[in-house]
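**Student:** Sequence:
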Amino acid sequence: MVLRVTRAHRHACFLAALLASAIAFEPSVSVAKGSAFRDEGRSARPFLGTYDTNWGPVWLRLDPEGSLVGDYAGPFVGTLEGTVVGRRYHFAWRQTNGEGGRGYFERTEDGIAGEWGSGESETSGGVWSGRRR
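All you need for this note's numbering is the position in the sequence shown, starting with 1, plus 1041.
It is possible that some hints are incorrect.
To be verified - DEER-style ranges, computed between Cβ atoms:
| hint | residue 1 | residue 2 | range |
| --- | --- | --- | --- |
| 1 | R1172 | V1126 | 33 to 41 angstroms |
| 2 | R1083 | S1165 | 27 to 35 angstroms |
| 3 | G1167 | P1105 | 13 to 21 angstroms |
| 4 | P1105 | V1168 | 16 to 24 angstroms |
| 5 | R1083 | T1137 | 30 to 38 angstroms |
| 6 | R1173 | E1122 | 17 to 25 angstroms |
| 7 | T1120 | S1162 | 17 to 25 angstroms |
| 8 | P1105 | T1164 | 25 to 33 angstroms |
| 9 | P1116 | R1083 | 27 to 35 angstroms |
| 10 | P1105 | A1133 | 28 to 36 angstroms |
| 11 | G1127 | S1162 | 17 to 25 angstroms |
| 12 | V1168 | E1106 | 16 to 24 angstroms |
| 13 | R1083 | R1173 | 14 to 22 angstroms |
| 14 | E1140 | R1083 | 14 to 22 angstroms |
If you are wondering where the hints come from, they were derived from the structure by calculation, not from laboratory data. For every residue, glycine included, the Cβ atom is placed at its ideal position computed from N, Cα and C.
Produce the entire structure from the sequences given, and follow the hints as far as they go.
**Tutor:** In structure tokens form, the structure reads like this:
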């Protein structure tokens, strides 16, 4: 038995695959306790980019799930992972040497301004701010 695949069959398979991928990669929507639905990807967009900060460069981007994550380099190298609530990005930082803590950034006219802390504190370490490249 010989199956013949026509152009119409190929076209239908392509459209089915395209639709399946669109469904699989729809933006994530999360619910913050006591609030309405919010789209983290949309609220994170103002933070996306590269910044020159007092601790070296910071790169903020969306991960495949739509969460705001980042990397930093300079005197210390590490990652950022957190959530945007209102105008503030609250994050946990983790360095390659195993040290970590918490912090936050707020958007400014030309960059970001915030603080970092050790352990559970967002403010015990000092200022962390910079300008967008």
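**Student:** Hint by hint, note whether the structure agrees.
**Tutor:** Taking the hints in turn, this is what the structure says about them:
1. R1172 x V1126: 33 to 41 angstroms: violated (23 angstroms)
2. R1083 x S1165: 27 to 35 angstroms: 31 angstroms Cβ-Cβ, so the 27 to 35 angstroms window holds.
3. G1167 x P1105: 13 to 21 angstroms: violated (32 angstroms)
4. P1105 x V1168: 16 to 24 angstroms: violated (32 angstroms)
5. R1083 x T1137: 30 to 38 angstroms: The hinted range 30 to 38 angstroms holds for R1083 and T1137, with Cβ atoms some 31 angstroms apart.
6. R1173 x E1122: 17 to 25 angstroms: For E1122 against R1173, whose Cβ atoms are near 20 angstroms apart, the range 17 to 25 angstroms holds.
7. T1120 x S1162: 17 to 25 angstroms: holds (19 angstroms)
8. P1105 x T1164: 25 to 33 angstroms: holds (31 angstroms)
9. P1116 x R1083: 27 to 35 angstroms: holds (33 angstroms)
10. P1105 x A1133: 28 to 36 angstroms: The hint (28 to 36 angstroms, Cβ to Cβ) is violated, given that P1105 and A1133 are roughly 19 angstroms apart.
11. G1127 x S1162: 17 to 25 angstroms: holds (20 angstroms)
12. V1168 x E1106: 16 to 24 angstroms: violated (30 angstroms)
13. R1083 x R1173: 14 to 22 angstroms: Since R1083 and R1173 have Cβ atoms about 19 angstroms apart, the given range 14 to 22 angstroms holds.
14. E1140 x R1083: 14 to 22 angstroms: violated (32 angstroms)
In summary, the structure is inconsistent with hints 1, 3, 4, 10, 12, 14 from the numbered list given earlier, while agreeing with the others.
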